[in-house]
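This is what each chain is made of:
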Amino acid sequence: AQSVTQPDIHITVSEGASLELRCNYSYGATPYLFWYVQSPGQGLQLLLKYFSGDTLVQGIKGFEAEFKRSQSSFNLRKPSVHWSDAAEYFCAVGLTTSGTYKYIFGTGTRLKVLA
Amino acid sequence: EAQVTQNPRYLITVTGKKLTVTCSQNMNHEYMSWYRQDPGLGLRQIYYSMNVEVTDKGDVPEGYKVSRKEKRNFPLILESPSPNQTSLYFCASSLWGGQLSNQPQHFGDGTRLSIL
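Chains as they are written, first to last, in this note's numbering: chain X, 1 to 115; chain D, 1001 to 1116.
What the hints contain is simulated information worked out from the structure, not anything from laboratory work. It cannot be assumed that every hint is accurate.
Straight line, CA to CA, 25 Å or less: simulated DSS-like cross-link-like pairs of lysine-lysine [unchecked claim]:
{"hint": "1", "chain 1": "X", "residue 1": "68", "chain 2": "X", "residue 2": "49"}
{"hint": "2", "chain 1": "D", "residue 1": "1071", "chain 2": "X", "residue 2": "102"}
{"hint": "3", "chain 1": "X", "residue 1": "102", "chain 2": "D", "residue 2": "1065"}
{"hint": "4", "chain 1": "X", "residue 1": "49", "chain 2": "X", "residue 2": "102"}
{"hint": "5", "chain 1": "D", "residue 1": "1057", "chain 2": "X", "residue 2": "102"}
{"hint": "6", "chain 1": "X", "residue 1": "102", "chain 2": "D", "residue 2": "1069"}
This is chain X alone, in the form it adopts within the complex (with noise of 0.2 Å):
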């Protein structure tokens, strides 16, 4: 069955350190791959997607992530992270079967930022 792994429930970080969030997934195909943000109270926010061509995509907000397709994962980097970007995130990946088209998510890791 097709699923998203998101294995860190909570990740905590100081300000001005980098930042890796993992996702892996479980898909036949390569599938369209996609980060989300959602602040608390708020609606999710899309942060960078992949589908073909380079592995390595930019996003807003200085995020960036890594298609790797020997690994199944698709891991989310920021370089310095601000507090501002405390917050939930959300992996998900897009996927087509049997002429249809749905949306698998991950569980979510929730992010704090120390001053």
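Since the structure of chain X is provided, determine the placement of chain D on it from the hints.
Chain D alone, transformed into the frame defined by chain X:
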């Protein structure tokens, strides 16, 4: 302004009392979807629609109904709500480019439902 609008934002109601959560988008998107978000479970897709009069079940459709009579609207109906449907609900929409669509979704701000 491009947006997905959900109403109500908050609702407290009782078991068995039918309710409808409305969702409207002004981007002429073909694809619309409903999710519920629960702690530790992330977002789970309830129903989705690829165009007018075309709907399909997601991963957790039990206890919910949807309709897509107009392109812009995609209401979520709970005919007989139960406490296990207490959750945070999100509506989302996106362009639909065909079978291998790669469009990201635009989300509403969420509806928090409490079923007593």
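Hint check results:
1. X:68 <-> X:49: The given pair, whose Cα atoms are some 14 Å apart, holds under the 25 Å limit.
2. D:1071 <-> X:102: holds (18 Å)
3. X:102 <-> D:1065: The given pair, whose Cα atoms are some 17 Å apart, holds under the 25 Å limit.
4. X:49 <-> X:102: Status holds; Cα separation ~16 Å.
5. D:1057 <-> X:102: holds (10 Å)
6. X:102 <-> D:1069: holds (21 Å)
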